[in-house]
Amino acid sequence: MSVAETKTEKLDGWNRPPTIEPGGEGELLEIAMGPHHPSTHGVFRMDVALDGERVMRLKPVFGYLHRNHEKIAEGAAYLASMPYTDRLDYFCSLSNNWAYALAVEKLVAQAVPERAQYIRVILAELTRIQNHASSIGFLIQEMGASGTPLMYAFREREKILDLFESLTGSRMMCNYMRFGGCRVDVSAAWLDAARKEVAGLPPFVDEFEALLTSNEILMARCQGVGVLKPDLAVNASVTGPLLRASGVNYDIRKVDHYGIYDRFKFRVPLGDHGDVYDRYMVRVLEMRESIRILEQALKDIPAGPIMDPKAKIRGFRPKPGEAYGRVEAPKGELGFYLISDGSPNPYRYRVRPPSLINLTILEDMCLGHNVADVVLIFGSVDIVLGEVDR
Amino acid sequence: MKTVEEIKAAIQAAVPGAGVEFVPNPSPCAQHSLRLTPGRAVEIARFLRDDPELAFDFCSNVTGVDWLDKETSEKVKVKRTVNKTVDGVEQAVEETVEETHKHVEPGYLEAVYHLYSMAKRHGPLVIRMRTVNRTDQVELPSLTPIWRGAEFQEREVFDLYGIVFKGHPDLRRILMWDGFKDYPMRKDYVDPDDYEYEPTAHDAVLKRAQAHQAAAEK
Amino acid sequence: MLGEGILKGMAETAKNFAGSFVSADRLTTVQYPEQRIPTFENARVFPFLVYDGPDWAAGMRCVACQICEKECPPKCIYIEKSRDKKPDFVGKPQFYPARFDIDISVCMSCQICVEVCPFEAIKMDTEFELATDDRFRGLLLDRQQLAKSNEYYHQIHPTEAGEVDARLDAEKAAAAAKAKVAAQAAAKAAETAKTAPAKPAPPAGGED
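Residue numbers (our numbering), protein chains in the order written: chain A, 1 to 390; chain B, 1001 to 1218; chain C, 2001 to 2208.
Note that these hints are calculated values from the structure, not bench results. None of the values given here were measured: they were computed from a predicted structure. Among the clues, some could well be false.
To be verified - Here are the computed lysine-lysine pairs in the BS3-like style, where the Cα-Cα straight-line distance is at most 27 Å:
id : chain 1 : residue 1 : chain 2 : residue 2
1  : B       : K1207     : A       : K71
2  : B       : K1079     : B       : K1120
3  : B       : K1002     : A       : K71
4  : C       : K2148     : C       : K2070
5  : A       : K265      : A       : K196
6  : C       : K2070     : A       : K71
7  : A       : K229      : B       : K1120
8  : A       : K159      : C       : K2015
9  : B       : K1077     : A       : K71
10 : C       : K2070     : A       : K319
11 : A       : K312      : C       : K2070
12 : A       : K71       : B       : K1120
13 : B       : K1102     : A       : K265
14 : B       : K1187     : C       : K2070
15 : B       : K1002     : B       : K1120
16 : B       : K1102     : A       : K59
17 : A       : K196      : C       : K2015
18 : C       : K2086     : C       : K2015
19 : B       : K1207     : A       : K319
20 : B       : K1207     : C       : K2172
21 : A       : K71       : B       : K1166
22 : C       : K2081     : C       : K2015
23 : C       : K2081     : B       : K1207
24 : B       : K1084     : B       : K1070
To be verified - Chain B stretches covered by chain A per the calculated footprint, using a threshold of three residues with CB under 8 Å from any CB of chain A:
id : stretch
25 : 1025-1031
26 : 1046-1060
Note that the Cβ used here is the ideal one computed from N, Cα and C, for glycine as well.
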């Protein structure tokens, strides 16, 4: 089906991107941005039709990093998929671990000990902070500020990754959570190091904000660019900071109360305009809220076991049934849908990738903007290709 | 949130004659689902989205499931008359014979939707639709006109499972390339023999390596 | 005032630039390979096989049960079980791997083999400088290359190795105590057999 046909097809009650009439004369220029374009985070291609500098049409092209993670997981035992989840969104392997562990725990009604819950919250929030910091860094990098903000973000990220490495053994491929708990216990020394690191985070966010928030160039480039209306955002299943920047109050930590998030006091930052600047601001504020959660969690973490004694590592065979578990990953709703047929391998293993689904409205946000803004809007969605293509 | 049975009743009241079937989920999380007949699925979906009480405005997850042909065999005792020579005289004798009857339950493809409500903050409601078979009648109505979020996910289900969504505005392959023929997530998919040498091959990989070598030598 | 935000940001960068001259922890660059950051104790790269004592072949803890081979997600382990048996650390005769290969070009350092191993035989190494010019043979480690001594294990993961040794010692002590009890029972049975010659002798298998 050609693109022209899809545009003319009218479907009621549904927000297709509008067709824009070209202003000038002559043909549209069709270019492929990516898969090796400096602006794309990974191997991602956008087929763009341009009228001068204006974007008339934009079709994302996926699949350059597709390795059929779901098929691999259906041929492997439940536990064997855990290290593969690290490689979905390789910035946030611990959130991915949690989402998968949560889905399996739902499938078999597995309880998780108190201390393990706290460790999970601490690690997930640290992951969120480093993801948001570096995603802002990339966003500014794509705006043309080569390096400086990204290096500030990476300096802080490096400290958080050191925490991850000293606990889990690996900086990015953590493979840390298990069905019914966590793999190794945190030591008192690690907790002290984490407290020290968390105490250093508010000055970092202040510094980051002093560097960026009131920068006139950033405001001129970001404000009013790539506006996403809240009703379209909801209808297009957009989740995460992108959704909240459009002003929809939906945070799965608050809605599902998974783990022990109902014990912590934190607010959900919301945007007013739904533009790139709001997304930047929501991420900064979410970092601040994550620091609050971390302070509370590191204060109250109890002693105790980290693994449910009834949990099984080998010979794990859930009873037939299905379960869908989801968490608020830094990029949006990360869900795992599992169907068990009673065998050691899942019959169906599905990842709901927030990065892929958030790109549904990329065309809507980009239409009518300049090419330079496409790079910016794409950066503000915050995707990782490992998760988009799986 | 209403229970799944109540939602089923509400659907049947709002969309008369709609085929809705309750599918229980034996797992402890008890996320039961509703199976819709494809014919009126779009109407039902619109009701689920627009009904002020249900308000399932957020279609979180769309996926496919492949159910292969299921072969069940049962043993049945059948009485029949057999001509036999008893005491030197041929006569008809009634005899009980055990026969194995084989049933083949035809396989089908299934599309599963996980719905949540952002307005009411409830969910999930799982709805599913099944195709007639796995080969030629694999069409289902697309719910993308109701939930835009299903757009890429239905494309993915089409790409990996081969369910054709009628009414989808842009149904192309998404993860595999355009010239690709098969559907890789189907259970009976055989991946092509572009075998890469592995020094520690064993089990299935070893078998493939040997087959590959045999084919290469021919 | 227009430009105020930019000036504020530049003040921040100036502060960082000047700060790197006075504060040592702002200079984060390390001149690898001359300079090295010490690895963390929990760090993991690729698996190795632990052996006790001086001889790697005799002291290998692995009993070729092939659990790790089965559980390995990318299937990078290949084990061939031996035909004969050799005594393990308790003295019980056990199989040993006649062949144990790990293809570290396939291994993804997930540590699942370590978790599922019931014999504390496979552990994670911290060695990461493994570059080679041979894609296949250079990255395929056989059991001799994989075998590392328990002392080495203590050197790279002291806490974990201490725990493992305590566990194995307890196991050994329990096995020894059990053997002692069994020996005593056997001796007692032999004695009763001697004192009561009318009774038939116990079957030979009972004395093990």
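Evaluated hints:
1. Distance check on the hinted pair: B:K1207 and A:K71 sit about 20 Å apart at the alpha-carbon level, within 27 Å; holds.
2. Note on B:K1079 and B:K1120: the hinted pairing is violated, with a Cα-Cα distance of about 62 Å set against a maximum of 27 Å.
3. Restraint check for B:K1002 and A:K71: not satisfied, since their Cα atoms lie roughly 35 Å apart, outside the 27 Å limit.
4. A hinted pair counts as satisfied when its Cα atoms are at most 27 Å apart, and C:K2148 with C:K2070 qualifies at roughly 23 Å.
5. Among the hinted pairs, A:K265 with A:K196 is consistent with the structure: their alpha-carbon atoms are about 21 Å apart, no more than 27 Å.
6. Between C:K2070 and A:K71 the alpha-carbon distance is near 18 Å, which keeps this suggested pair within the 27 Å criterion.
7. Among the hinted pairs, A:K229 with B:K1120 is consistent with the structure: their alpha-carbon atoms are about 19 Å apart, no more than 27 Å.
8. Only pairs whose Cα atoms come within 27 Å are accepted, and A:K159 paired with C:K2015 is accepted, the gap being roughly 20 Å.
9. Among the hinted pairs, B:K1077 with A:K71 is inconsistent with the structure: their alpha-carbon atoms are about 42 Å apart, more than 27 Å.
10. For the hint linking C:K2070 to A:K319, the alpha-carbon distance of about 22 Å falls within 27 Å, and the restraint holds.
11. Of the supplied pair hints, the one linking A:K312 and C:K2070 holds, its CA atoms being roughly 17 Å apart against a limit of 27 Å.
12. Between A:K71 and B:K1120 the alpha-carbon distance is near 35 Å, which puts this suggested pair outside the 27 Å criterion.
13. For the suggested pair B:K1102 and A:K265, the alpha carbons sit about 61 Å apart, so the restraint of at most 27 Å is broken.
14. A distance of roughly 22 Å separates the Cα atoms of B:K1187 and C:K2070; the hinted pair therefore holds under the 27 Å criterion.
15. At roughly 12 Å between alpha-carbon atoms, B:K1002 and B:K1120 fall within 27 Å of each other, so this suggested pair holds.
16. Between B:K1102 and A:K59 the CA atoms are separated by roughly 50 Å; this puts the pair beyond 27 Å, and the hint is violated.
17. For the suggested pair A:K196 and C:K2015, the alpha carbons sit about 22 Å apart, so the restraint of at most 27 Å is met.
18. With a C-alpha separation of about 67 Å, the suggested pairing of C:K2086 with C:K2015 is violated against the 27 Å cut-off.
19. Restraint check: the Cα-Cα separation between B:K1207 and A:K319 comes to about 31 Å, which exceeds 27 Å; the hinted pair is violated.
20. About 41 Å separates the Cα atoms of B:K1207 and C:K2172, which puts this hinted pair outside 27 Å; it is violated.
21. Proximity of A:K71 to B:K1166 is assessed by CA-CA distance (about 26 Å); at most 27 Å being required, the pair is judged to hold.
22. Restraint check: the Cα-Cα separation between C:K2081 and C:K2015 comes to about 64 Å, which exceeds 27 Å; the hinted pair is violated.
23. Between the alpha carbons of C:K2081 and B:K1207 the distance comes to roughly 19 Å, so the proposed pair stays at or under 27 Å and holds.
24. Distance hint between B:K1084 and B:K1070 is unfulfilled; the C-alpha atoms sit about 38 Å from each other, more than 27 Å.
25. Counting residues of the stretch 1025-1031 of chain B whose beta-carbon sits less than 8 Å from any beta-carbon of chain A gives 6, enough to reach three: the coverage restraint holds.
26. With 5 residues carrying a beta carbon less than 8 Å from a beta carbon of chain A, the stretch 1046-1060 of chain B meets the three-residue requirement, and the given coverage holds.
Hints 2, 3, 9, 12, 13, 16, 18, 19, 20, 22, 24 from the list above are not met by this structure, while the remaining hints are.
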